[in-house]
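Given the sequences, and given the hints that come with them, work out the whole structure.
Line order of the protein sequences matches chains D and G. Going by the working numbering, the residue at position 75 of the first sequence is 75; the numbering climbs one at a time, nothing skipped. The number in the working numbering is simply the position in the second sequence, starting from 1, with 1000 added.
Result set (DSS-like, lysine-lysine): computed pairs, CA atoms no more than 30 Å apart in a straight line:
#1 G:K1006 <-> G:K1047
#2 D:K550 <-> G:K1014
#3 D:K300 <-> D:K202
#4 G:K1077 <-> G:K1006
#5 D:K582 <-> G:K1014
#6 D:K73 <-> D:K149
#7 G:K1014 <-> D:K545
#8 D:K7 <-> D:K107
#9 D:K545 <-> G:K1081
#10 D:K582 <-> G:K1104
#11 D:K550 <-> D:K606
#12 D:K107 <-> D:K9
#13 G:K1047 <-> D:K446
#14 G:K1077 <-> D:K582
#15 D:K446 <-> G:K1022
#16 G:K1077 <-> D:K545
#17 D:K341 <-> D:K250
#18 D:K250 <-> D:K265
#19 D:K446 <-> G:K1014
#20 D:K172 <-> D:K265
#21 G:K1022 <-> D:K466
#22 D:K354 <-> G:K1104
#23 D:K466 <-> G:K1014
#24 D:K248 <-> D:K265
#25 G:K1047 <-> G:K1108
#26 D:K606 <-> D:K635
#27 D:K549 <-> G:K1014
#28 D:K466 <-> D:K606
#29 D:K549 <-> D:K537
#30 G:K1006 <-> D:K446
#31 D:K45 <-> D:K73
#32 D:K341 <-> D:K354
#33 D:K537 <-> G:K1014
#34 G:K1047 <-> D:K545
#35 G:K1006 <-> D:K466
#36 G:K1077 <-> G:K1022
#37 G:K1104 <-> G:K1014
#38 G:K1006 <-> G:K1081
#39 D:K606 <-> D:K354
For the record, the hints were derived by calculation from the structure and aren't laboratory data.
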Amino acid sequence: MTQSEIKPKVLYIDDAPASRRLVQRLLFNHYEFFEAPDGLTGIDKAVEVQPDLILVDLNLPQFTGYEVAARVKSLLPNVPVVALTADMAEHVREHALASGCDGYIAKPIDADTFAEQIAHFLGGQRETLTDDSFRSAYQQTLVARMEEKVRELTRALKSNAELNEQRAQLLKEVQRHARLLEAVARVSHTVTSILNLDTLVKTTVQVIGEEFGFYYVGIFLVDATGDWAVLRAGHGEAAAEMVNAGYKLKIGGLSIVGMSIAERKPLITLDASEAQLHLEHPHQPSTRSEMALPLIVGDKVIGAVLVQSREDAAFAEEDMTTLQTMADQLAVAIDNARLLKDLESTHAELVRTKTFEAIATATGEAIHWVGNKAAPIPGSVYRVREDVTRYLLMARALLAEAPAELHEHKFAQMLTLAAESLAEHDDRYNLDLLGIREELTRQPLKRLQRMLSVDSIFEDLDIVEKSARSILNIKEDLIGPARQKRLERVFLPDLLRETVRSMGIPQDVVRFLLVEDVKPVIADPDQLAHVFINLIKNAMEAMYKVEDKKLFVWVRTADDPQFIVTDITDNGEGIPPDVIDKIWVAFYTSKADRGGTGLGLPACVKIINQLGGKIRVESVIGEGTTFSVYLPVIKD
Amino acid sequence: MKEEIKVLLVDDEKLVLRSMEKSLLRAGFDVESAGNVTDALALFQEKMSGASPFDIAILDLNMPNFEGREDSNAGLKLLSKLLELQPDFAVIVLTAFDEVERAKEAVKRGARAYFVKGREADLIALVDNIINAA
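If you want it as C-alpha cells, here you go:
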C-alpha cells in the first residue's frame, strides 16, 4: 500500500481505553482509526466520519453496544457493524446479530488474526441469524430498557422540580439577606455620622425599626456599676415610657439582653412559649420572637441591641451574623460619641479653669496695681500730720514768749487754740508732742529747714492727690464699655483722621492709608474713638524710645468683605511672645509707671466685641506691633 | 559710725520713690534715688570709689530690667550686681504685699531683709536696725 492510497476508516466504540489502544495499534498501519468512549459519542462520531467499518463493545454503560448497533444500522445501513465482546454468556453472538450487528469477534482479541478478520468484514463478509426468536427477544429487551429509561427520566424531572424549588428558596434567602445587608449598610451609615450620644441612640433605634420593620427595637447601655443594662432608647410600643421609667435589666440575669451581654454573643429566642415572652415583655405583648446583639468595642461590652418581632421565628441564624455586623459598627459609634462627650466636658472644664485663672490673674493684677498706687499715701499723710503738728508746736512756743498784748490778737488766739487742740488728737494719732517739741528745739535752723517746709507739705498732698487720681482713673476704663451707646453710621476714615488730629500727634509721625470708599459701620462714635485713642496711645508708648517714630493707620475692606479692618501699626519695641497673651487680661500693664491701668485693651476688646467685631494683634520684637480692629459692615 | 548714713533708693514708681525718699530724709538719712536699675547701678559704682560710698540700698523688685523691659525680677538682678561689686553690702528689697515669696527669695540670695511697701515708719526702723547691727 502506498501513501497515496486511501485507507479505510474504522471507528471503534469502547469504554475501556486499554482496549481502544490495543485495537488502534493493530489497525493504524492499514486503516484510518477513529474511536469513541461511549455509545452516544460513538453514534455521533459514526455520522460525522462515515467510517467503512464500526467495531462496538457490547457492554457499554448507559447506551449498550446492542443499542448502538441498532441505531447505527438505521442511520448508516450499509456500514458493517461488528460486535466485540468478552461476554461469555450464552447466545451473545445471536443477541448481537439480532440487534443488527453484521459480525462478532470475541475478546480477548487475537493479535495475529484480528487484522485478517477486519479485512474479511470489509470485504463483505456477513454473519446471519437463523433463529428469529432472538429478534423478538431483543425487541422485548428494548421495550424494557425504554420503560426503565422513561422511569429514570420521570424521576429526574421530579428531582429537577425539587431542585428548582430549592433554588428558588435559596434565591429568596439571598435576596432577603441582600436586603438585610442593605439595611445594615444604611443603618451603619446613619449611625456613624452622628456624634451626639443621645441623638445617636434615638436615631439608631428608629432607623433599625423602620429599615427592618421590627415590632420593637431597644438599645441598652451598661451602667457605671457594670451590673445593669439600662434602656437608653427604644422604638416601638411603649418605648418612650420605658426609657423614662429607667427600665433596666440585670447583666447575666435571665433576660436575653442580660445573657447576651454576659456571654458577649448574639442570642435568639426561638422556642420560648408565649407565656414566657409575655412575662419578659409586659410592655410589648405582641412579641413572638426576639434577638439580642451585644455591643462590643475592643474587649468590653458596652451594651446590647434588642429587636423583637410579631412573627414566630422571625430571626434566622444567618441574620444574626449580619445584624451583629451592624451592632459592631453601632458599638463603635456609641463609643466614639461617648469619647466626644468626655472630650467636650473635659474641654468645658478646661475653659472654666482658664476663666477662673484669668479672673484670678486679673484680680491679682488689680490688687497689685491698686496696692502700688496706694502705697505712698499713708507715708505722705503721716508726714503732713507731723508737719502740721510741728508748725503748731512752733507757733505755741513762739507765742509763749510773745508780749501779752499780742496774745489778744485773733490770729494768736487761733494758733493757741489750734495748738491746744493737738492734745485732743494725741491719743488717736499717737503724736509724740513732747518728742517733736524737743527735736524742734534741739535741731539747728539749717537742719530744721531741711526737715520742715510748706513745699514738702504741698508735695505730700500732691502725692496723695496723684495716687488717688490714678486709682480713680480706673473708673473710666471699667465703666466705658457699659456706658449708654448712641449707635450711628460711622465712616472709619473720617473717624480715624479726626481722632488722630485731636490727639495732637505730630504730622510727620502719622501715615494714613485710608480707602475712602469703604462701607460704613454701625457704632457709637465716641466709644469707637475711645478704642482708637487707646490703641494709638499704646502705639505711641511703644515707640517712646524710638527716634524715628512711625504710626501707620490703615483702613480697608477685610479679606472677608463683611468686615472693615483698621490697622494701627507702630515701629516700637514689640511685644514679647510670653507677654502677648497677657495683654488682654484686665489690669495687666507694662507701663504702670506711665499711668497705664491695664484696663485699656480689655475695655477696647469689650467695646469691639459688643459691635460684633474683633481685635487681633501681631508683633515682632524690635520691629513693631499691629493691632487690627475688625468691624462688621452695615448689612443692606 | 559715720555722721550720716548714705542710702541708695531704687523704685520705678515715682510717687512711691518720692514718698519713701521724704520719709528717709526726714529721719535724717542722706538719700539718693534712682528710677531704674541702670541709673541705680551707675550711681552705686560712681559713689563706691568716692569719698562717701552708700551704706545701704533699698530696691524695688518689680520694675524694668537692664534691657528696659518690665521684669518682676529686675530688683533681684540689680541685687546680684551690687553684691558682686561689694559682697557685704546691705540691701533691703521692697515688695508689694502680694509678692512676699519673691522677696524671701531675695533674702536667700543675700539681701539683709525685705520690706512690704506701705508703712514707711517701719522702714526707717528697719534701716536703723540693719545699720546698727553692722
